[in-house]
Amino acid sequence: MDQNITLYVDGNRRPVTVDTRTTLLDALRDRLDVTSPKKGCDHGQCGACTVLLNGRRVTSCLVLAVAYDGADVTTAAGLGSDDELHPVQQAFLDRDGFQCGYCTPGQICSAVGMMEEAERGSPSHVSANLNDPVELTDEEIRERMSGNLCRCGAYVNIVAAIRQAADPEAEQIRQARAERQRNEPVLREDDAPTSYQVSVSGEEGR
Amino acid sequence: MIPFDYQRADDADSAVATVTGHPQAQFLGGGTNLVDHMKLGVADPELLVDISRLPLDEVTELDDGGLRIGATVRNSDLAAHPLIRRRYPVLAEALLAGASGQLRNMATTGGNLLQRTRCVYFQDVTMACNKREPGSGCAALEGYTRYHAILGASDGCVAVHPSDMAVAMAALDATVVVLGAAGERRIPLAEFHRLPGSEPQRDTVLEHGELITAVDLPASTPRRQAYRKVRDRASYAFALVSVAAVVKVDAAEGEPCITDARIALGGVAHKPWRASRAEETLSGAAPSVESFRRAAEAELEQADPLGDNGFKIPMVRNTMVAVLADLTGVEPEAVA
Ligand SMILES: Cc1cc2nc3c(=O)[nH]c(=O)nc-3n(C[C@H](O)[C@H](O)[C@H](O)COP(=O)(O)OP(=O)(O)OC[C@H]3O[C@@H](n4cnc5c(N)ncnc54)[C@H](O)[C@@H]3O)c2cc1C
Ligand code: SF4
Ligand code: FES
Ligand code: FES
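Going line by line, the protein sequences match chains F and P.
When we follow this note's numbering, the leftmost residue of the first sequence carries the number 50, and every step to the right adds one.
When we follow this note's numbering, the leftmost residue of the second sequence carries the number 375, and every step to the right adds one.
Hints in this document: simulated from the structure, not taken from any laboratory.
Be careful, since some hints might not be right.
[To be verified] To spell it out: a stretch of chain F is covered by chain P in this simulated footprint if at least three of its residues, at any positions, have a beta carbon under 8 Å from a beta carbon of chain P; those stretches are: (1) 85–91; (2) 106–119; (3) 137–149; (4) 199–211.
[Claimed, not checked] The following residues of chain F were derived to be distant from chain P, with all beta-carbon distances above 10 Å: (5) D59; (6) N61; (7) G96; (8) D187; (9) E192; (10) A227.
No residue lacks a Cβ here, since even glycine has one placed at the ideal position from N, Cα and C.
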């Protein structure tokens with residue numbers, strides 16, 4: 050049963066006629082040619098379809114488009130411009146936060162929504178104290194991003210990318226330290242005098 | 375998915391009247407369970423009445439010092455609400471242990487209570503399932519039962535209720551406020567969900583057309599509260615078992631003693647399971663690993679495990695002991 054609705058997608062007014070059964074994800078991809086949100090599971094389990102709906106991250110495959118007439122939808126493609134990427138997008142590039150890239154638009158929208166939630170002080174399952182301000186440690190990032198699966202297993206670099214976007218200065222220092230460690234001469238074990246510690250690579254190496 | 379009509383409700387009364395008058399109508403909250411079920415063919419409403427924009431989206435203080443949670447408050451907003459975090463931390467913890475950030479942003483209080491079992495046979499329309507199709511049989515009985523019930527099941531259905539939030543609410547002695555065509559009624563949360571018996575198709579005592587408008591939390595709740603969930607992954611998985619506990623310890627007469635213990639279990643039954651036998655055993659007891667273990671065992675005496683879920687018995691016992699030890703400052707020791 051068709052209904053006329055208007056969505057505001059990445060800043061553009063997009064009137065569209067949809068069957069009541071159409072999800073927001075299908076309306077975007079199939080009706081409006083907005084293909085940045087991806088369909089992975091279509092059941093709310095993978096996060097590939099994550100968009101910001103009226104500013105909040107949601108899985109668009111479980112949202113009925115008719116229920117959101119007049120809503121603001123931001124996809125990963127609408128976050129930055131070609132000249133100036135959104136800091137989270139730039140961080141995913143800098144830190145290789147993807148392999149095939151299929152989950153990436155969802156990861157990026159989810160990260161943007163998640164960082165805003167953390168800034169508002171919303172606690173998570175791993176927060177030691179429900180009432181403290183949130184510090185986005187790796188553990189916090191992993192927990193808060195657990196609704197986004199990555200079939201390529203790019204998780205380590207996704208966490209690094211979000212860490213960079215959340216606190217660029219701390220991440221710069223961390224990277225410089227890792228770089229230094231990488232450049233230190235590493236002796237083969239049988240060459241090493243017994244008193245010499247073989248340098249262990251930092252987190253970067255893992 | 376079969377075609378359906380969609381209406382946005384103007385107010386609670388008209389929403390109730392519309393759904394009451396149409397046997398194939400359903401309320402739509404955040405849609406995270408209903409839309410999923412419509413895709414799977416598990417639900418096939420002809421009319422959706424969207425109640426998610428009704429002005430039931432606030433947490434307000436009641437005159438008696440309790441709190442009222444509106445039915446359309448989103449799970450994420452409820453978990454982050456300052457009054458919930460400070461006064462009812464067990465509820466915030468339970469909410470945060472459920473689903474994902476994206477889903478919690480959509481899921482509503484009313485919809486969370488009414489989410490249906492995750493039994494895989496229920497979700498697969500090619501399988502026999504008395505809950506989905508009364509009288510068709512129960513595929514789980516001959517199937518894989520790792521995720522099924524150990525308490526209160528019947529020959530007709532061994533499914534568990536999947537909600538984390540509802541388990542915390544059961545331990546908090548919450549009350550569900552419901553609006554029907556005949557007016558309002560109040561249902562204690564512990565009596566809201568049903569055991570399957572011979573009617574597993576009925577998850578709760580709600581009648582068709584009744585709308586949850588709010589959940590009330592009582593004042594004067596002990597401050598020692600915790601929710602612990604055990605699952606197959608560290609995050610984003612349903613509970614194998616979970617324990618919500620609210621306890622009060624009094625040391626007025628010298629030795630500390632438990633004067634109030636409210637315990638609810640998740641992942642073990644067709645409803646959030648209020649562990650009243652454990653509570654009785656604990657009442658007046660000195661907090662110790664021994665007394666916690668006795669309480670857990672008193673509750674679990676009634677357990678009736680299936681082929682693949684006997685592990686839930688020691689898991690519940692150990693989790694209950696660990697949570698109570700944590701809340702009362704007792705050294706947990708090694709729990710075997
Ligand atoms: C991938 C995934 C993982 C999940 N993991 C967890 C988890 O770990 N723990 C957990 O607890 N939950 C989990 N969930 C379930 C989630 O919490 C529920 O889907 C959600 O709470 C349902 O709320 P909703 O508002 O979206 O309900 P809807 O889908 O809108 O509705 C559910 C049912 O309630 C009815 N309804 C809704 N509101 C009302 C009302 N006010 N009055 C009367 N009837 C009403 C609807 O008609 C429908 O029958 C998960 C879900 C998914 C998809
Ligand atoms: S356990 Fe219950 S829900 Fe699962 S198949 Fe059997 S009857 Fe259906
Ligand atoms: S496609 Fe929406 S969560 Fe997987
Ligand atoms: S980069 Fe391939 S799925 Fe994540």
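Closer than 8 Å, Cβ to Cβ, for at least three residues: run that test on the region 85–91 of chain F against chain P and report holds or violated.
violated (count 1)
Can the region 199–211 of chain F be counted as covered by chain P under the rule of three residues or more with Cβ-Cβ separation shorter than 8 Å?
Per the Cβ count (0), the hint is violated.
Just to make sure I understand the rule, a stretch counts as covered if three or more of its residues have a C-beta closer than 8 Å to a C-beta of the chain. Does the region 106–119 of chain F meet that for chain P?
That given contact holds, which follows from 8 residues of the region 106–119 of chain F lying within Cβ reach (below 8 Å) of chain P.
Test the statement that F/G96 is away from the interface with chain P: the closest C-beta pair must be farther apart than 10 Å.
6 Å, violated
Are at least 3 residues of the region 137–149 of chain F within less than 8 Å of chain P when you compare beta carbons?
Since 0 is below three, the answer is violated.
Quick one: work out the minimum CB distance from F/E192 to chain P and report holds if it exceeds 10 Å, violated otherwise.
5 Å, violated
Take a quick look at F/D59 and tell me if its Cβ sits farther than 10 Å from every Cβ on chain P, holds or violated.
19 Å, holds
Is the claim that F/N61 lies outside the interface with chain P correct, judged by CB distances over 10 Å?
Fine: 23 Å to the nearest Cβ keeps F/N61 off the interface.
F/A227: least C-beta distance to chain P exceeds 10 Å?
The claim holds: F/A227 sits with its nearest Cβ about 26 Å from chain P, beyond 10 Å.
Over 10 Å from every CB of chain P: does F/D187 meet that, or does the non-interface label fail?
13 Å, holds
In summary, the structure is inconsistent with hints 1, 3, 4, 7, 9 from the numbered list given earlier, while agreeing with the others.
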